[in-house]
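Trainee: Sequence:
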Amino acid sequence: MPLKSVNPATGKLIKEFSEMSKNEVEEIISSADAAFRRWKEYDPEHRCELMKKAGNQLLKEKERYAETITNEMGKPIAQSVAEVEKCAWVCDYYAENAANFLADEIIETDATESYVSFEPLGVILAVMPWNFPFWQVFRFAAPALTAGNGAVLKHASNVSMCALAIEEVFAKAGFPENLFRTLLVASSSVKNIIDNDLIKAATLTGSEFAGSMVASECGGKLKKTVLELGGSDPFIVLNDAELVEAASVGVKARIINNGQSCIAAKRFIVAEEIYDEFMELFIKNMKGLKVGNPMEKDCDLGPIAREDLLAELEMQVKKSTEMGAAILTGGKRLNREGFFMEPTILEGVKKGMPAYEEEIFGPVASVIKIRNVEEAIKIANDTSFGLGASIWTKDIEKAKLLARKIDSGSVFINGMVKSDPRLPFGGIKKSGYGRELSHYGMKEFVNIKTVWIK
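Counting in the working numbering, the sequence shown runs from 103 upward without gaps.
Rather than coming from a laboratory, the hints here were simulated on the basis of the structure.
Since the structure is predicted, the reported quantities are computational estimates derived from the model, not experimental observations.
Be a bit skeptical, because a hint or two may be false.
Unchecked claim - Below 25 Å or equal to it, Euclidean Cα-Cα: the simulated DSS-like pairs (lysine-lysine) are:
#1 K452 / K389
#2 K354 / K452
#3 K399 / K386
#4 K142 / K325
#5 K392 / K114
#6 K354 / K325
#7 K293 / K326
#8 K325 / K551
#9 K421 / K471
What the hints assert, rightly or not - Simulated restraints, written as ranges between beta carbons of each label pair:
#10 K502 / M425: 31 to 39 Å
#11 E143 / V218: 17 to 25 Å
#12 E476 / L115: 21 to 29 Å
#13 S486 / E128: 31 to 39 Å
#14 R140 / S309: 16 to 24 Å
Positions of the beta carbon are idealized from the N, C-alpha and C atoms, including for glycine.
The task is simple: from the sequences and hints, build the whole structure.
Mentor: Here it is, written out as structure tokens:
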């Protein structure tokens, strides 16, 4: 069955790709392993030089790559350009720091000499989603390749053009042939790929279901995994928050990437003392968004990536309103070509509703009024997810204490949750395990080897 790239702004087919055969996949993995065996002998400085060239290649053709992103998954073109630029940043970050991260760590013991070395594992399988089709790949590939590994990419089936463009970046940067390859296959092929003895580990960014399947398959083969799954991030606005900024950033944090981000703010937990004032600003900002053609530079909100995802989003809103939530703005699909959803705010969201219990992947904000800080923390933690969270208050010391009480992989105080190459990124609970980025991410896919000398 062919893999189809459909423009979500128009609903029209862009291109079809034939699925690779099992033999083709095995040949690519074998070639990647052969390339890895040469690559791991490169000194770290040489690998860093090539990663720097990958960053330069991204910047050189960032407009073309950005257009590919927007055409395939629909995010506003300005955000697509920013995504490519961020990929160049992560390449530069590891080009500048990998040699230090991988240097032997001397440890004083009773031995004459003892140290820890960090050595590559082999070919890593990356199963990646469509929502950040370049960034999700590069935040894995930059540290993994610079550490000396090889990689094969099984990208989401609706962004095959992005997958091939990423393969092109590494080829144009001068990386060894076949070190990074794209596998054009359906999700049903992932099990066979994991079963291949040349695949040494896997990383997945995606849904809870996909993550559990990959973890199960890898567990049966005793292969390392890193999982970055869904999120239902709380955005806590306390009674001493700077409301104008909180309302402005809150809208951006909810609708970034057309609302389709695992670390988007999804549950707005607002103190009752400032609730009305905050909501007036929040609704005004949400209503002021420009929704439309994502290729226009002033577009704020583009389409949902696929029609089935839009239908699921509509159903979550419908069920939540049937259970008592109120629509303050938006709430339905836009009557135009493509897969567009109105910017939406739901008030009175309660436990048991889809808007409370599930990840809402689209421009829908769920608002919950709270009486005190204790209730805010209780609701923030009352989720199966644990990816990110943000707290808005002028009392920084109080915020630091509250941050320790929130069950999540990151907490941002008076700011929007976002990833940064310098900081570890990941979650707990059903948001996954392991970390990407920083030196923590680089060391997920290395053999941490102890060497002891008498």
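Trainee: Okay, E143 versus V218 on CB: inside 17 to 25 Å?
Mentor: holds, 20 Å
Trainee: Take a quick look at whether K392 and K114 sit within 25 Å of each other, Cα to Cα.
Mentor: Holds, at about 22 Å.
Trainee: Using the Cβ atoms, figure out if R140 sits within 16 to 24 Å of S309.
Mentor: violated, 36 Å
Trainee: Given the proposed pairing of K354 with K325, does the C-alpha separation stay at or below 25 Å?
Mentor: This hinted pair is violated, its Cα atoms lying about 38 Å apart.
Trainee: Given the hinted pair K399 and K386, is their Cα-Cα distance within 25 Å?
Mentor: holds, 22 Å
Trainee: Given the hint that K421 pairs with K471, does the C-alpha gap stay at or below 25 Å?
Mentor: Holds - the C-alpha atoms of K471 and K421 are around 20 Å apart, at most 25 Å.
Trainee: With a cut-off of 25 Å on the C-alpha distance, tell me whether K325 and K551 pass.
Mentor: holds, 17 Å
Trainee: For the pair K502 and M425, does the Cβ-Cβ distance stay inside 31 to 39 Å?
Mentor: holds, 36 Å
Trainee: Is the gap between the beta carbons of E476 and L115 within 21 to 29 Å?
Mentor: violated, 52 Å
Trainee: Between K142 and K325, does the CA-CA distance stay at or below 25 Å?
Mentor: holds, 20 Å
Trainee: Within 25 Å, alpha carbon to alpha carbon, are K452 and K389?
Mentor: Within the cut-off at roughly 24 Å; holds.
Trainee: Measure nothing beyond the straight line between the CA atoms of K293 and K326; if it is 25 Å or shorter, mark the hint as holding.
Mentor: Holds, because 15 Å separates the two Cα atoms, which is no more than 25 Å.
Of the hints listed earlier, those the structure fails to meet are numbers 6, 12, 14, in rising order.
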